[in-house]
Structures are given as C-alpha cells and as structure tokens.
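Q: What follows is the residue order along each chain.
There are 2 protein chains.
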Amino acid sequence: MVDIQEYLADRRQVVERGLKQYMLPATGDFSVHVQAMRYSLFVGGKRVRPILCLAAAGCVSDDPEIDTVLMPAACALECIHTYSLIHDDLPAMDDDDLRRGQPTCHKRFGEAEAILAGDGLLTYGFELLSNTGLPGPDGATRLRLVACLAGAAGSLGMVGGQFLDIDSEDKDVAFERLQAIHRAKTGALITAAVVMGGMGAGADSRQLEALTAYGTAVGLAFQIVDDLLDVTASTEQLGKTAGSDAEHGKATYPAFFGIEKTRTLAQEAVDKACSALASFDDRAEPLRALAQYIYSRTC
Amino acid sequence: MVDIQEYLADRRQVVERGLKQYMLPATGDFSVHVQAMRYSLFVGGKRVRPILCLAAAGCVSDDPEIDTVLMPAACALECIHTYSLIHDDLPAMDDDDLRRGQPTCHKRFGEAEAILAGDGLLTYGFELLSNTGLPGPDGATRLRLVACLAGAAGSLGMVGGQFLDIDSEDKDVAFERLQAIHRAKTGALITAAVVMGGMGAGADSRQLEALTAYGTAVGLAFQIVDDLLDVTASTEQLGKTAGSDAEHGKATYPAFFGIEKTRTLAQEAVDKACSALASFDDRAEPLRALAQYIYSRTC
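Sequence order for the protein chains is L and Y.
Using the working numbering, you'd call the opening residue of the first sequence number 1490 and step up by one each time.
Using the working numbering, you'd call the opening residue of the second sequence number 1490 and step up by one each time.
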C-alpha cells in the first residue's frame, strides 16, 4: 500500500526541484515578464499533472532514472496547466481575484502582462519538450509528446473546452454538453499527462490504451470533485473563490445530480480508473492511490 | 529578375490553399471557437512569414515538392502570427477595433472568445509541426522546427518583445531598448520563418547561418517600415488604425530619427539582408526580391 500523503509530499518535492531547474530565470531584458510567469508557476499548486506523468512512467519502466528523463515533459504539463489558470482567471473570463490563496496573475501584474505570461508559459511548454539539450526520450518519442500535448491542450481539447464552458454560462445545458466540456477542459490534459508518462517511458500500445482509459476516468473524477468542492468547500480551503460556478451560471455535476449522487459518480469514475489498471503489476500502485486520493478530497 | 507582384500573387494563392487544407474545420462541438480562429486567419493578410519560409526552402532545395513538404510548417508560422495579432489587439493590450480593414477578433466574437482563439491558434501551430500524418521533413528535423518556432515565439522572443513593448509605453526608452523590442517582437518570428524554411529543406550549417543573417536584417527592415507606415499611411491603406504608436506613446524609429533617416535605415537593413545571400545562386532571387519589396512599401 502506498501512503498517499507521504507519496505526494515526496513527489511534490521532486517536481518543485524540476520546475526550479527548468523554468526560465528572471534575468535580462525580459525579467519582469518571466517574473510574472514564475509568480503563477511557483505560487503553489498540487502538481497533479506532473505527478501523474511521472507515476505513469514508473508504471511501465524500471529505469531508476525515469523521473529525470521525463522531468522536462512533466514540467511542460505544469506550464500548460498554469497558463490555462492565468487565462481562465482574466476579467474577460472567470474574473477571479484569488488563486491558491494569492492574488491572481492579472491582479498582481496587470491584465496585458497576465495574458502574455500565459502565452509565454504555453509556448515554453513546447520549448521544454523539443529542447534536445534537456533530458528526454529519443527524438521520435519527443515529437509524439509534442503532438500529444498540443492535441490535448488545443482547440479540440482544453482551449475548446474552456470556450464551451464560457459559451454555456447562464444557459440551459444538456448533460451531454456538460460531459463534452469536462472531457475537453479538464480531462484532455490529465489524460495527456498519464499518456505522455507512459509514452515517454516506452509503453507498448496495449499499455497506452490502458493508461488512456485510466487517464480519462481520473480526469472525469477530478472534474466532478472540482465541481463538488466549489459548492461544499470554503474560499479559504480552496484558495480560490468558492461558489464561483453558481455565480457564473455554470452547469456542474452537483447542479444536475445533487451532492450525494455526485459523490457516487466520482467514486464510480475512480473505480473505473483502477479497473483500467488491472493488467499492471505493483508498479501501478501509485496511480491507483492517486485515483483514490482524488476521491478522498470530496469527503 | 523576379516580378515581385506576380511572385507574391502566386505565392499567396499557394499559401491560401495550404491554410484552407490544414486549418481545422468549423464543425462539431467546437465550431464557434474554430470559427473565431478561422475568422482571424482568413480575414486577409500578406502571408509574409509563410512566403519567406517557402522561399528560403526553395533557396536550398531543388525538390519540386518542397512547397508541399514545408506547407504545414508555413501554415504553423501564420497561425502563430495570427494569434499574436489577436492578443495584441485586445482591450488590455493595444485595444484596436480594426485589423485588415475588418473588426478585430474580440470586436467580432467577444473578448474571452478572442483570448481563446489566440490560445487555440498558438497551440495549433505546434500540432501542425508535430503531426506526422501531414507532409514534412524527417522526424528529427520536425523536432528542430518545433524548437525553433517555440524559441522564436516565446518569452525570449515574440511574447517577451510584446511585453517589453507594452511595458515601455509612455516611457522614455533608449534606442537600445527599442532595438531589443523590435528584435524580439517582430524580428524573432520572421527570422524563424526563414530559418525553418532552410532547416526543413536540409540546409547545411553555413547556409543556415546566412539565412539567419538574412532573416534578422529583413525582420529589422520589416519593423522599421511598420513604424514608418504607422506615421505616413492612412487607416484605410493600413487596414488598421493609423497613428496607433504615437497614441500609445510607443518608441518608434521615426520618433527617434525622423522620417527621412528612418527610410535610409530601412534601405540599409534591406541591403544587409541581400548581402547575407551573397553565397547563394539564382534560387535566392525570390528572397532578394522580398527584401526589396519590404522597402518599397515605404515609398
């Protein structure tokens, strides 16, 4: 059994070290711009996507250096996730003042500066994946990682999902639409994190299929829990404004199903994620524990 | 001698066909989002960056299919350029209502939608480069193209330059700072267009060095001319608001040197660009003509 709290604390340290190592330094002509990027990247965060990426890699590879090899890819995922938060928080989008208990990037640096900090982090994700001076898998696999991340983060993935989300505010939304939003907005990047870990560690197609199914189910669970916490947790607990979904007239799982049924659906998604890992050995224990951890946040 | 008008008309048709072929279709769940991306991509534009990319490729390769091989990369450059215009035009940045004589993306689709259209186009540029189902050079070269584009478009290139530009409004700016802004904001992506064309067509390191020098000089000429046109041309001629630089208190070449001296500096940059091509044969004629064409816009 994996002690999930201990595991997460250790993994977060590893990821923080990687981010510090690979993030641009705030020096030279562009120092204020890079400061804005670093502010949002280092203001905190659970580092769920890099941790999932490294856990998936550890699930298919025995290479003791696999964390090192995949770290730039793991950092790229966090850069892309952070950019999406910066842009989502903008006045024209969710207009949030708080993120991780601190002023959002545009509150701290200004709106134009925050848009550019987001653009910079998004682009830097692809720099990290394509820089052959950094650790990483062979060139062909690096290119597959670029394609996987671009597809998940782009217009038919995260960006498209955010568009649908904004576009659906204060509208009656069918459950199918809510699912499409969740799959694209949150699910795609979480699935990519898991798949990129596997891909970068040399997973075969059967393993990648299982990891994709796991990632899809975990992504769904993650979003359901996020919807739930927006209703049940305080602003202090969340580090961002609670009740923001209702305020923006957003469709959510609790709005469709109520709190109890939503909890059940989250548990079902977690169970499905774990079933997808049935063919993996003990090396998949961290992935199993991570899925359960996501559910535990609902309690 | 290349008839530049005829050449440009032909090349624009080729690039338009490529963009139509490779751009996402506006169908399915994300159709409105993709419409916003397509609106800005197809509202017009000189297609300078894709044309430079293909011209540089033609300068080092005799392959009659070289346009086809490099077209996804050429389209990626235009996607990145278009995203940068969408974000630059936003209310929080230059707050422009007109672009290419039409309403800007946020005027037409809304501000959140325009931010996301930009994010989508930026990400799609990397999808085009990394999609091995599309034409392109070998995998290792594709990865180099990703690295080149990400570096040029990112925080130490275009995005950083835009940040410096915004950050320098209404401030006394030294000439060195203006140069740094221009190099990063405009020069980096234009240089990348030329270098990516050469790289994708198999240029050796000596050729890449010459193309880099050409791209750097052409990028400078381009920005000087842009500064000049903002003073000397009408809104109708530009298709965007004339006099926008002065209104935003931006440092420009004409503000430093006056109009006549600025024209001379543009011509010097063009001469420098052409000198850089001295070692190339007649296949470099289009690149030489393109440099002269950039200067001709000042007259």
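There could be a bad hint or two in this list.
The list treats identical chains as interchangeable, and a pair is accepted whether it falls inside one copy or across any two copies.
Result set (EDC-like, lysine to aspartate or glutamate): computed pairs, CA atoms no more than 20 Å apart in a straight line [claimed, not checked]:
| no. | residue 1 | residue 2 |
| --- | --- | --- |
| 1 | Lys1535 | Asp1499 |
| 2 | Lys1660 | Asp1584 |
| 3 | Lys1660 | Glu1600 |
| 4 | Lys1761 | Glu1725 |
| 5 | Lys1509 | Glu1665 |
| 6 | Lys1535 | Asp1518 |
Read the hints as simulated data drawn from the structure, not as lab findings.
Keep in mind it's a predicted model, so treat the numbers as computed, not measured.
Q: Please go over all the hints and tell whether each is borne out by the structure.
A: Evaluated hints:
1. Within a single copy, Lys1535 and Asp1499 get their C-alpha atoms as close as 12 Å, which meets the 20 Å cut-off; across copies the closest is 52 Å, which misses it.
2. For the homomeric pair Lys1660 and Asp1584, the shortest alpha-carbon distance inside one copy (19 Å) is at most 20 Å, but the shortest distance between copies (29 Å) is not.
3. Taking the shortest alpha-carbon separations for Lys1660 and Glu1600, only the inter-copy value of 19 Å comes in at or below 20 Å, while the best intra-copy value is 27 Å.
4. Within a single copy, Lys1761 and Glu1725 get their C-alpha atoms no closer than 31 Å, and across copies no closer than 59 Å, so neither meets the 20 Å cut-off.
5. In this homomeric assembly, Lys1509 and Glu1665 never come within 20 Å of each other (Cα to Cα): the closest approach is 40 Å inside a single copy and 31 Å across copies.
6. Within a single copy, Lys1535 and Asp1518 get their C-alpha atoms no closer than 31 Å, and across copies no closer than 30 Å, so neither meets the 20 Å cut-off.
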